[in-house]
Amino acid sequence: MLLSKNSALESKDNEIFEVEESIAIQSELIKTMTTMVNSKAYVNERNQMVPEARCRKQANYHVEQNNKIVDEELSDWESKFFEVDMDDLHELFMAANYLEIESLLNGVTKRVGDFIKACKNVEVIRQTFGINNDFAAQQEEEIRKLNSWNHI
Amino acid sequence: MAKRRKSLADQVPTEIFWSIFNKLSFIDLIQAKAVCSSWNLAAEEFVTKMPWLMLPSKKEVEEGDGAFVNNNGYNGFFNLCENRVYNLKTTPMEFRESCCIGSSNGWLVFLEHKAVPFLFNPFKQIKIHLPSVDYLLGLKKMERNEDGEYELDYLKKNQRFFFKVCGKQQVRECFIQKAILSGKPDCNENFGVVLLCNNREEIAYHQRGYNSWTVIDVSHPPYQDIICYKNHIYALSDNNSIEVWDLGGRDYVGRIVKKSDIVLPFPDKSHTKGNSLRGFGTSKFYLVESCDDLLLIVRFIGDYVDLDGTLLTEWDLLTETCTQPKICPYRTCFFHVYKLDFNELKWVEVESLNDRALFLGGNQSVSVSVQSFPNCETNSIYFTDDCWQKMEEDYNYGGHDMGIYNIKDESFKPIYEFSSDKIQPPPCWIIPSSMLESQLGQCVASLPGCN
Chain A
1 MLLSKNSALE SKDNEIFEVE ESIAIQSELI KTMTTMVNSK AYVNERNQMV
51 PEARCRKQAN YHVEQNNKIV DEELSDWESK FFEVDMDDLH ELFMAANYLE
101 IESLLNGVTK RVGDFIKACK NVEVIRQTFG INNDFAAQQE EEIRKLNSWN
151 HI
Chain B
1 MAKRRKSLAD QVPTEIFWSI FNKLSFIDLI QAKAVCSSWN LAAEEFVTKM
51 PWLMLPSKKE VEEGDGAFVN NNGYNGFFNL CENRVYNLKT TPMEFRESCC
101 IGSSNGWLVF LEHKAVPFLF NPFKQIKIHL PSVDYLLGLK KMERNEDGEY
151 ELDYLKKNQR FFFKVCGKQQ VRECFIQKAI LSGKPDCNEN FGVVLLCNNR
201 EEIAYHQRGY NSWTVIDVSH PPYQDIICYK NHIYALSDNN SIEVWDLGGR
251 DYVGRIVKKS DIVLPFPDKS HTKGNSLRGF GTSKFYLVES CDDLLLIVRF
301 IGDYVDLDGT LLTEWDLLTE TCTQPKICPY RTCFFHVYKL DFNELKWVEV
351 ESLNDRALFL GGNQSVSVSV QSFPNCETNS IYFTDDCWQK MEEDYNYGGH
401 DMGIYNIKDE SFKPIYEFSS DKIQPPPCWI IPSSMLESQL GQCVASLPGC
451 N
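Same order as they appear, the protein sequences are chains A and B.
As numbered in our numbering, residues 1 to 152 make up the first sequence, in order.
As numbered in our numbering, residues 1 to 451 make up the second sequence, in order.
These aren't lab readings, by the way, just hints derived from the structure by calculation.
It cannot be assumed that every hint is accurate.
Partner residues aside, some chain B positions facing chain A, computed with beta carbon under 10 Å [to be verified]:
| hint | residue |
| --- | --- |
| 1 | Phe21 |
| 2 | Lys89 |
| 3 | Glu112 |
Partial list, derived from the structure: chain A residues whose beta carbon lies under 8 Å from chain B [to be verified]:
| hint | residue |
| --- | --- |
| 4 | Asn97 |
| 5 | Ser103 |
| 6 | Leu105 |
| 7 | Lys117 |
| 8 | Val122 |
| 9 | Arg126 |
| 10 | Phe135 |
| 11 | Gln138 |
| 12 | Arg144 |
| 13 | Lys145 |
| 14 | Leu146 |
We put the beta carbon where it would ideally sit given N, CA and C, even for glycine.
Looking at chain A on its own, in the form it has when it is part of the complex:
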């Protein structure tokens, strides 16, 4: 990839990142803003520095791998990248959603899906995600009745 213009992105906690423009536009939000403002974009985010760095790292990686997708390397790297606890995953979630970075969002949602699959029962899911059971007793009984499938 040829080196293109760099964009400067400022996060809410006033840290400035220099990012290659081709990477920055992986985020739909930044892409929209740069087309409006041209060379520099000032972006306000709710997120802290850490997720921003991760986002950048992943976008950077994807661009580098663009021409020669080595599937195993990419998926290895991805599994390590997403091997975080629920809180960090939540931060990544919010960042990917706000910045509208599709590939990151896909990775996060897949990881959340894997979490759900790995949970042995409903109670474990609730604990993992910190969710309260808000069903009425009768509703819960009905739903438990429907939860009676096997796969062959």
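Given chain A, work out where chain B should sit, using these hints.
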């Protein structure tokens, strides 16, 4: 563990849920539904948009004796998105003891002994009883014996009583050929049930809330297919006519109003082909609504089809060298697809379904977008065996004629494989109504007689 966690359910927008749940399998979605009420709603969207093929158990089919299949029952559900079979931990006894007479809007219609039909939704586990059809069918007695056969005492053409012992598929052949729904029972909506019955000669209607069946005034029996669309019944007859009734309209004596009655010329291509294959098989016809078009599907089924696809006659099965006749099951050879030209009032050949797929068989004939589920074959017809008259003829086969037909290259692909051809009860599509949502259109308005 003591750390406070922001609940994913509270803070995350619905679109995110969508992308997570989009990747979950059926069994994970069922579990997700039990977590909390917002997950229940989100997962429900996905669970109710999956197409299924209802199947008998592999064990019963492959290990059973072809002569004693009447006691076989449905047992599994093949999920077309995942190519995987699921079953209920406790199989409802109705799957074995009742005769399936239809599948419409995601609900199955069964006929119990004593001539009582009912609706059943296997995913919501809800059963809705319907009024008895004993009078409608002239059935004085309908009992199921311990071999799984039905013992019937019935009045035919108001003349005399007959007694018959037969299997489920003959009940379907003679008594109720197809049952479909108008409306959706799920939403407590006003819905109705339409039956094609009595050797395809009669159409009867039951409206939820009333306790009877109404026989509809028909002009061109017998019928090949019936569908419901926007609260109208469309019936396609053997002589290629289409009649339309408005379920919402009644005349001055309370009868259901007929809106349209057109006899259409038989499409040339199928006419010619049918003639050239006379004696080798039969044609069946289906009527499908697709994106506000009316489609005619011609399905040619060869009576005896060899492994290499050669059409044989009964005489060809007997050879000088073998004492046993050759086993050549009946098989679908091809489909022709036509669209109704509302102005010229004739059928026009359809070269391609583009991004639609059709589901035909014992269910209500439907068309879905290929986007509606992953792995959907484009420009294809998913079909099951609904040849009731042939299904019980031979111990070696029956219920086996199913697969996916590609319209462009006229080729077949299997959908689910059993090692035996005697598959009873025959597999049946379950296509939920949410997969069929289409935009408001002018189909009904286009037909003459409709306003």
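Status of each hint after checking the structure:
With 10 Å as the threshold, the beta carbon of Phe21(B) comes within range of chain A, its nearest partner Cβ sitting at about 8 Å, so the hint holds. Interface restraint check: Lys89(B) against chain A, minimum CB-CB distance 4 Å, threshold 10 Å, status holds. At about 22 Å, the closest approach between the beta carbon of Glu112(B) and any beta carbon in chain A exceeds 10 Å, and the interface hint on this residue is violated. Because the beta carbon of Asn97(A) sits about 6 Å from the nearest beta carbon in chain B, less than 8 Å, this interface hint is met.
Look at Ser103(A): its Cβ only gets to about 12 Å from chain B, farther than 8 Å, so that hint breaks. The closest approach between the C-beta of Leu105(A) and any C-beta of chain B is roughly 7 Å, which is under the 8 Å cut-off, so the hint is satisfied. At a threshold of 8 Å, the smallest CB-CB gap from Lys117(A) to chain B is about 5 Å, leaving the interface hint in force. Annotation: Val122(A) was flagged as interfacial toward chain B, and the flag holds, the nearest CB pair being 5 Å apart, inside 8 Å.
For Arg126(A), the interface hint holds, since its Cβ comes within 8 Å of a Cβ in chain B; the closest pair sits about 6 Å apart. This hint holds: Phe135(A) has a C-beta 6 Å from the nearest C-beta of chain B, less than the 8 Å allowed. About 13 Å separates the beta-carbon of Gln138(A) from the nearest beta-carbon of chain B, more than 8 Å, and the hint is not met. Checking Arg144(A) against chain B: minimum C-beta separation of about 7 Å stays under 8 Å; hint holds.
Interface hint status for Lys145(A): upheld, as the beta-carbon distance to the closest one in chain B is roughly 7 Å, under 8 Å. Because the closest C-beta pair between Leu146(A) and chain B is about 6 Å apart, less than 8 Å, the hint holds.
Figure legend: structure checked against the earlier numbered hints; hints not met, in rising order: 3, 5, 11.
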